[in-house]
Amino acid sequence: MKSEIPVILDDELVALLRDFTDDELAPLVELVVKQLTSQLDLTEQYRQHSPKHSKYSDLLAAELQKFGANTFATVFRKGRGVYYRVIVQDVAKSLKLNVNLKRGTDEIEIQILLKVLENAWEKMSEAERAELLAQAGVDGASISAAFPTMAVLAIIKAGGFASYKIMLIVVNAVCKLILGRGLPLAANAALAKCMGVLAGPIGWAISIGWALVDIAGPAYRVTVPAVIHIAAMRQIVAMRRAGVCDNRAEKSA
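Letter by letter, the sequence shown follows residues 180 to 432 of the numbering used here.
Any given hint could be a false lead.
Lysine-lysine pairs mimicking BS3-like chemistry, simulated, CA-CA at most 27 Å apart [as the list claims (entries may be wrong)]:
{"no.": "1", "residue 1": "355", "residue 2": "272"}
{"no.": "2", "residue 1": "231", "residue 2": "355"}
{"no.": "3", "residue 1": "336", "residue 2": "372"}
{"no.": "4", "residue 1": "234", "residue 2": "213"}
{"no.": "5", "residue 1": "302", "residue 2": "275"}
{"no.": "6", "residue 1": "302", "residue 2": "355"}
{"no.": "7", "residue 1": "355", "residue 2": "275"}
{"no.": "8", "residue 1": "272", "residue 2": "213"}
Note that these hints are calculated values from the structure, not bench results.
Based on the sequences and whatever the hints tell you, model everything.
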């Protein structure tokens with residue numbers, strides 16, 4: 180299918196978005212189409228298939244690539260944007276992360292996710308902190324101390340069910356912030372409750388993230404939450420493939 184928006188097809192973002200469900204693509208679509216410069220909602224594919232967003236995920240990738248590009252530079256790329264890796268590096272720099280930008284894109288994404296959780300931690304009540312630690316499977320950490328970055332990092336890198344729950348909590352917060360509703364999740368009452376409780380402070384942390392860089396350009400209002408969402412979803416997709424999820428998130432606690 181020929182794209183109506185110039186797309187960098189060999190970008191990892193294209194393949195990533197093809198693995199997302201319609202519900203998982205929804206916040207990214209909403210982020211893009213509410214921008215005055217959006218072309219996605221003008222395309223035939225969007226008009227014909229929305230809200231089956233997976234039908235035009237390549238066009239969505241093209242729009243995100245475009246928002247990641249400097250407007251002046253985009254002219255010389257014949258309307259094309261930049262590679263997703265460049266967008267992730269830019270978001271990391273804008274959030275003033277102390278991270279080696281030569282590391283893998285997925286590693287930089289994890290550092291961005293940790294920063295969001297750390298910022299959210301500062302806003303959480305003791306009960307919310309305890310809930311996050313319980314879902315993350317972090318033992319022995321004090322709810323009155325600083326965010327246990329290394330412990331959470333180890334859990335995320337392990338890629339087990341605790342990591343899956345952390346990523347779901349982040350994705351749910353992004354959906355709630357952008358769409359006004361959380362992820363459609365089945366009968367796991369305990370996890371659903373936790374996702375609802377923590378959506379507020381994590382959503383606040385994401386909002387602060389884009390507010391701090393918004394002065395540098397309105398495109399950050401798209402790229403910051405988009406990268407956070409995609410980063411968490413990359414981990415979820417990998418765990419699906421590895422069979423980690425095993426439908427446990429949809430079973431009663």
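For each hint, the structure was consulted:
Simply put, residue 355 and residue 272 have alpha-carbon atoms about 26 Å apart, close enough for the 27 Å limit, and the pair holds. This hinted pair checks out: residue 231 and residue 355 have alpha carbons roughly 19 Å apart, not beyond 27 Å. For the given pair, residue 336 sits about 25 Å from residue 372 by alpha-carbon distance, which is consistent with the 27 Å threshold. Between the alpha carbons of residue 234 and residue 213 the distance comes to roughly 19 Å, so the proposed pair stays at or under 27 Å and holds.
Distance restraint check for residue 302 and residue 275: the Cα-Cα separation of roughly 19 Å lies within the 27 Å cut-off, and the hinted pair is therefore satisfied. Between residue 302 and residue 355, the direct Cα distance comes to roughly 17 Å. Compliance with the 27 Å bound is thereby established for this hinted pair. With a C-alpha separation of about 25 Å, the suggested pairing of residue 355 with residue 275 holds against the 27 Å cut-off. For the suggested pair residue 272 and residue 213, the alpha carbons sit about 25 Å apart, so the restraint of at most 27 Å is met.
In summary, the structure agrees with every hint in the numbered list given earlier.
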